[in-house]
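Participant: All chains should be modelled from the sequences, with the hints used to inform the complete structure.
Top to bottom, those sequences are chains A and B. Start counting the first sequence at 1; every next residue gets the next number (UniProt numbering). Start counting the second sequence at 1; every next residue gets the next number (UniProt numbering).
Simulated from the structure, these hints should not be mistaken for lab results. Bear in mind that the values here come from a model prediction, so they are computed numbers and not experimental data. Virtual Cβ for every residue (Gly too), placed ideally from N, Cα, C. Any given hint could be a false lead.
Simulated restraints on C-beta separations [claimed, not checked]:
no.	chain 1	residue 1	chain 2	residue 2	range
1	B	D223	A	K190	41 to 47 Å
2	B	R108	A	T16	51 to 57 Å
3	B	A230	A	R88	40 to 46 Å
4	B	R121	A	F34	41 to 47 Å
With a straight-line Cα cutoff of 30 Å, these simulated DSS-like cross-link-like pairs (lysine-lysine) come out [stated by the list, open to error]:
no.	chain 1	residue 1	chain 2	residue 2
5	B	K190	A	K107
6	A	K196	B	K190
7	B	K196	A	K107
There are 2 protein chains.
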Amino acid sequence: MTAGAFSLESGALGKTLGESVRSHLAGLIIRGEFKEGERLYPEQIAARFGVSITPVREALMQLAAEGFIESVQRRGFHVRIPTADQIRNVWQVRQSLELCAGEQVIKRLKEGTLDPHALDRLDALQKAQLKNTSHMDHATKLELNGSFHTTIIEFAGNPILASMYRSLQHKVVGGLVQSGLDTWRSRVEKEGQEHKAIIDGLRNQDYAAYDSSVRTHIARSLDDALRDLATRQ
Amino acid sequence: MTAGAFSLESGALGKTLGESVRSHLAGLIIRGEFKEGERLYPEQIAARFGVSITPVREALMQLAAEGFIESVQRRGFHVRIPTADQIRNVWQVRQSLELCAGEQVIKRLKEGTLDPHALDRLDALQKAQLKNTSHMDHATKLELNGSFHTTIIEFAGNPILASMYRSLQHKVVGGLVQSGLDTWRSRVEKEGQEHKAIIDGLRNQDYAAYDSSVRTHIARSLDDALRDLATRQ
DNA sequence: AATGCATATATTTTGTAAATTATTTTTTAT
DNA sequence: ATAAAAAATAATTTACAAAATATATGCATT
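Facilitator: Given below as structure tokens:
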């Protein structure tokens, strides 16, 4: 009877309260609303959202399982601060999964399970990235960049691979840093060329070419990520 | 079946109740105590363990996040029934991660970060697998088999890779089937040879050889897994 | 007087029980 | 036989209680 008294905005359609809290918090973390290493107090969050502690706790544990935040026994939840080694490790696995995806995409192209026109979406993404970089906020730029890789992963047609890749991305959201615009612009150029090489590898169904362009791209991307991390300190 | 008391306190030092319940349940699932697709009722489990529902729910959600079981909104928790496609997908990612690990292990051997004697542990595991297969229960056999691959993953020195590999293994525990002893014996022979080839690839620091022996092994292993699945229906 | 240890207190996490909400099944009426 | 309504079942959430940890305070010792 006292139902619907709370005002936890946005699509709470058939979702549980814990789920709503989870997606809200994930959004806040991605937007960098919390400082790195900041502790998240269930009680405060509960008060902020106008719900009790249980669903908040549920959400926090879920986020910890997904790698968004870190949970220490009896010592609460903290926003992850990835170390250089962790970033290297994530990039290493990322490379492995992207190689796996490409191998699969090429296989599917060859056996006709995947329409070659699907690759046009990659072209579109690559071009969208090259223009309009100035009036985009950090989150959008990162999202656009991420979409390119996520799309390739999706084309592999392996949901388990996709979910693994996603959870990998979550592990570093706390470490993504706002780079200066000048830095960004030169990066976009390189990234554009590298992405183009990756698309070509897929389109020509040439795994060797795909393999080497992915490795080049990942290596450069790792360098940038490590540089960003060092800048923050 | 016996509604006897489960001693959760055993060695529960520093662990929370939810954690104890989680590991107990994980053990039960691995041992095949639950039927495939069986629904897990929090209330029943709580009664069985003599605790309240909250820690049980916590454990179930944790297990769902790890891929042990499946959770459907408002419809409870179920033991996963992997489909043939899911098994294929898992094996595909498994292969990718094992290739990544091997590449890293060889790199570490070359740069001297990993002692070549570490590989002796793989020899030991391989030999242990070949003998004493008759008086081992299913779980032990699977564990021994799994250890071989897990050890290689560990040698890569990438905790994130290791945790991904682990969660991948969880995704199929519900689908592991008790094979007949005769079937098993012939399998062990093949597996032994394949594992030997994999070790050789690493020891010779020959990635191409490692790559092809892993692919051969995974392909054969996938065939067996799919055959097991088909046997059950 | 300063430092280290021990105890006490306050804060936070974890666990319980009960209430609420959603879903499924059964019953009843058309 | 079908559809609607009510009851039963089970998941979710809340509020409250307990357990555990960190922090602060005080006393003793050097």
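Participant: Please go over all the hints and tell whether each is borne out by the structure.
Facilitator: These are the hints, each one checked on the structure:
| no. | hint | result |
| --- | --- | --- |
| 1 | B:D223 with A:K190: 41 to 47 Å | holds (43 Å) |
| 2 | B:R108 with A:T16: 51 to 57 Å | violated (45 Å) |
| 3 | B:A230 with A:R88: 40 to 46 Å | holds (42 Å) |
| 4 | B:R121 with A:F34: 41 to 47 Å | holds (42 Å) |
| 5 | B:K190 with A:K107 | holds (27 Å) |
| 6 | A:K196 with B:K190 | violated (43 Å) |
| 7 | B:K196 with A:K107 | holds (29 Å) |
The earlier numbered hints that this structure contradicts are 2, 6.
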